[in-house]
Every structure is written in structure tokens, then in C-alpha cells.
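**Q** Here is what each chain is made of, one letter per residue.
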Amino acid sequence: MNASRLGRLGFYLALIGLALLFLAPLAMMLAGSLKPNERVLVEAGTLSAFVPVGASLDNYRAVFERTDFLRFLFNSIFITGTVVVAGLLVNALAAYAFARLQWRGRDLLFNLVIALMILPFEAIAVPLFYGVSILGLRDTYIAQILPFIANAFSIYLFYSFFIGLPRELEEAASLDGASTLRIFFAVIVPNSKPAFASVAILSFLTWWGSYLWPLLVTIGPEVRPLPVAIASFYTLPPLQWGDILAFGTLMVMPVLAVFLMFQRWFVRGVASSAIKG
Amino acid sequence: MSAPRSRRRFNDQTASGLLLAGPAMLGLLLFILAPFLIALALAFTNLRLGSPLPLEFVGLKQFQRIFADPDFLQALSNNLLCALTVVPLQTALALGLALLLNRGLRGTVVFRTLFFMPVVFPMSLVAVVWVLIYAPGPDGMMNGFLDLVTLGAWEPRDFLRDPMLAMPALMLLSIWQGAGFQMVILLAGLQQIPHELYEAAALDGAGRWSQFRHVTLPQLRNPLVFVVLVTSILAFRLFDQVQIMTRGGPNGATTTVMYEAVQAVFTRQQVARASAMTVVFFLLVLAVTWLQRRLARQEREIG
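Sequence lines, in order, name chains A and B.
Here the first sequence is numbered in our numbering, starting from 294 and rising by one per residue.
Here the second sequence is numbered in our numbering, starting from 283 and rising by one per residue.
Just so you know, these hints were derived from the structure itself, not from any lab.
Quick reminder that beta carbons are idealized off the backbone N, C-alpha and C, glycines included.
Keep in mind that the hints are not guaranteed to be accurate.
[Stated by the list, open to error] Every beta carbon over 10 Å from chain A, so not counted as near; a handful from chain B, in silico:
| id | residue |
| --- | --- |
| 1 | Ser359 |
| 2 | His477 |
| 3 | Leu499 |
[Said to hold, decoys possible] If you anchor each label on the Cβ, the simulated ranges turn out as follows:
| id | chain 1 | residue 1 | chain 2 | residue 2 | range |
| --- | --- | --- | --- | --- | --- |
| 4 | A | Phe555 | B | Glu338 | 50 to 56 Å |
| 5 | A | Leu462 | B | Leu337 | 51 to 57 Å |
| 6 | A | Ile435 | B | Pro450 | 37 to 43 Å |
| 7 | A | Val378 | B | Thr296 | 26 to 32 Å |
[Stated by the list, open to error] Computed footprint of chain B on chain A; a stretch qualifies when at least three of its residues, placed anywhere within it, have a C-beta under 8 Å from a C-beta of chain B:
| id | segment |
| --- | --- |
| 8 | 337-348 |
| 9 | 379-390 |
| 10 | 396-406 |
| 11 | 448-458 |
| 12 | 486-493 |
| 13 | 519-525 |
| 14 | 559-567 |
Extracted from the complex, chain A is given alone in its bound form (with noise of 0.2 Å):
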């Protein structure tokens, strides 16, 4: 065996020994799922708490007996559906017209836009939470999508991408008579796939694990979303581990599976949220 060989061994096998530890805590909580409640603490720190031995799906009915668990995925879907879709409407439009129009305040506004890219919404939360509880819209779907339909840093990676279109894509277009909109539908947005996907997959990844706001503004469980909801799960007693568990297999299915169909565009979404000055 030569020496190159050999390195690349060593490099399978440091690759193999990360991914296991990436792995683990899924693993685990794909095992621990599907045990009788009391095992799973017991057999935790041994390495049974990856094998489901007796597995059975009695955890699962008792999160569908014990919770409201498609009352909270559908808010959870209805949420980020909502903040994700409008989202890209609003921005993308907002973008086209920063990138491709002449018009007074342009350079006044996108400067603000690049300004606000940097408030982080936690330095906002707390004037945000107090309006929404003045304006009685505590416990409401509005409190939890309309502050988050227009995003700076969504715009910002629209504006990156549609100033890189040549300017003939649109004046083919606009010498047919094309309205401003009509070129902005028919020519500027299926030319740019790309953009619309990673800016969906960023605000996704965002709302659909945001803790913080919806912790404050959701009372009751009626317009709770699924990582409220696992949270106050796992403090309602009795504890128990295989029906956390369970919740949680449930919660992150779906999106795995998603992941796994379209990973490589999760990932271009993510790298160019890092190609900006």
C-alpha cells in the first residue's frame, strides 16, 4: 500500500468518525422514538440508545393523544408559507426596482436597505412586543408574519443577482411596450431561478426554527408554532423521553426529507448568503 493510499484511508476514516458524531443525536432520537418510554433514559448512555429493541409506533400515538401536533404543524406551514412566499414577492420587487429602474430616492433608500441588513431582529424585539401588545395582536398569525415579510438581507441577495443581468434581456421586452411589471414577471424572474431559491431556502431555514418571537407572542396553542410547541412539550409532565422524542422525529421529518431531495440547493442557498461585501 503507497503512501497516497494510505492517506486517503486515514482521510475516509476521520471523514467516517465525524460523520458519526454529526449523526448521533439523530440517530438517537430516531431510536429513542420508537422504545417504550422508560428505556430510553435507562439505556441512553450505552450504545442500545441507537438500537430500537421492542420498537413500536406507541410513542407517536401518544403525541397525537397528548398534543395538538397538526394544529402546530399547520401553523408552523401557514407561517413560513406565508413569510416565505410574500416574502420573496415584496423583495424581489423591491430589488428589481433598487437594480433596474432610474428613479429619485433610489440610492437615499438602498442605502437605508443596506444599513438595516445589519439590526439584528432581537435588537427590535422588545418595542416589536410591546406595540403587538398594545395593538392586542399577542396570540395572533398577523404578529407572527407581517414584521417579517420585508427582510433587508433578502433584497440585498436579489439586488446582487438581478444587477448581473444584461440589460438586453429587458429591452427586447420593453421595445414590445412591456410595462414595468409585465418585464419584471416575464423576463427578470425566470431568469432568475437561482436567487428566488436560495432567498426561499434562507428565510425558510430562519422562521421555520425561530424560537424567540413566537415564545413572546404566542399564549396559547392555538397559533403556536411547532419549536414553541416542542419546547412547552417537554416541560408538561409526566416526562417522557420516547414521546419528546417522537415530537421531535415528527417535527424535523418533513424538512429532512426536503433537504435530502434538494440538498445541493440548501447548500448554494447558504453559500451565497456569504458572497456579499
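Using the hints, position chain B against chain A.
**A** Frame of chain A; chain B shown alone:
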């Protein structure tokens, strides 16, 4: 849409511009800029929801108060400690993973997918699952693992209730969840480095280590600066894990600025005090961002 074909169309599209950018700008003004300005203003008042005291301008009093509050100071130092530990460790791990994946070995996509997978997990789910991983006593998974790798020398600990171990325990799951995100960005950076640079370096007799130092690292500077910035800011935003796993305990060992701010506004209705805390938080983020801009500019001057 009122965008008629007119002679002015190509030099003045103000109406269309404002109309198209309008909804997004309205959202940013109403839900980002205005709340931020209000947070700034509130930080200088005594506002407390449900308090009988009249609203007053109190100058820097809230800031004086929070900087005299040992809980807040501990939170601030926890955040700094977290940034100073997580950022280098996570970046080094991510760089290692990216370098491993950039060797063109077979199965690279599979490994990249596995390392990236935790990124799609909501942090609240990760936090709940890791509570089980950190379960105390020999039954706990982490205790069992450490027992295995130290060949039985490890004494079982209650990680989340141990003042020395609680913060490192939170840091570990942050690293586990975030390394894949950084890795993907660094890998994209690695793939953009022209092959000729390595060939030229090899011709000059540079070994692997020398190539890494004189070609890879300088070429990777911008992505590295970016991931360091993002991870630092995440370290200052630390909240979900703290709220779910430790509630700031034991004895404030895991409290953070955001956790303190949420406690102030949420459980005690101290809006002004919480605003002052978020202003401090924002200044920290601003400082990190400023540092990043400086580092990135320096690179442009050299390149």
C-alpha cells in the same frame, strides 16, 4: 399598473420605482427602523408596563443601572466567553471539514450532506434532544461517551447543573449545529481558488503546509472573515438553548444578554430596562460588523 409608455419613461421611472419598492420599504420602516428608533428612545426612559409612575426621560440611568447589575454583567461576560470560545473552535472544525471535503474523494456529497444536516434542525428541537444527551449519571449519553473514550476514567457529571460545565455544554451543541453552515461557505471559497496558484507554489518547492499558509489561507480570507462575523453575532444572540436547557442557571452561569432582556420585558414588564439591554446588544453587533468591514477592506488593499 400606471406605467404608461411615455417619452420620460427611460430617464424617470420614479413612480414605478416607488410603487415596486414601496411595500418592502413600508415593511422595513414600520417593523425594523421604527421599532429600533423606539428601542433607542425607550432606553432613556423609565417605561414599565402597568407601572403607575408617569413616563419620564431619565437620561443614562437605565444604562448606569444595568452596568451596575451583577446579573447583567455576568450575562455580558458569558456572551463574550461564548464568542471567544465558539468562534475559533467552530471555525477550525468547519475549515477542517471543508478541507477534507475539498480533496475530491468519492462520496464527498454524502459527507457534505451529513455535516450540513444539523443546520436544518430548529434550535429548540436540538436543545430538547441535547437535554437528554446531557442526562446526569452513568445513564447519560454524554457521560457514557466520555466514559468510553477515557477508558472508564470519567466521573459522571450533571452537565447542565454544573456551574463549570453548563456553558461549555451549551457551546458544544451550538458548534454541532453551526459547523455545517460555516463548512459550506468555506468549501465554496476553497473551490474558487485557482489551481494555478497551487501549481506555481508547488513549482517553487512549497510543501503542503506552506501551500496552506501562503495560498489557501490568504485566498480564503473573505469567506473566513464572513463566517467569523456571522458566528460572533450568533454568539451574542444566544437565547433558545439557554431558555430551554438551563434558564440561565446554575447561578447565572449560562445567562446571556438576550436572556436577561427577555426576562426583563417578559416577566417583569421592564420595557425601558430591556430596551437599554438590547441597545448594548446592538452596539456589540455593530462593533463586530465594523471589525469585519475593516478586515475585508484590508484584504482589498493588499489584493
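**Q** Give a verdict on every hint.
**A** Hint by hint, here is what the structure shows:
no.: 1; hint: Ser359; in the structure: holds (18 Å)
no.: 2; hint: His477; in the structure: holds (18 Å)
no.: 3; hint: Leu499; in the structure: holds (17 Å)
no.: 4; hint: A:Phe555 - B:Glu338: 50 to 56 Å; in the structure: holds (54 Å)
no.: 5; hint: A:Leu462 - B:Leu337: 51 to 57 Å; in the structure: holds (55 Å)
no.: 6; hint: A:Ile435 - B:Pro450: 37 to 43 Å; in the structure: holds (40 Å)
no.: 7; hint: A:Val378 - B:Thr296: 26 to 32 Å; in the structure: holds (28 Å)
no.: 8; hint: 337-348; in the structure: holds (count 4)
no.: 9; hint: 379-390; in the structure: holds (count 6)
no.: 10; hint: 396-406; in the structure: holds (count 7)
no.: 11; hint: 448-458; in the structure: violated (count 1)
no.: 12; hint: 486-493; in the structure: violated (count 0)
no.: 13; hint: 519-525; in the structure: holds (count 5)
no.: 14; hint: 559-567; in the structure: holds (count 6)
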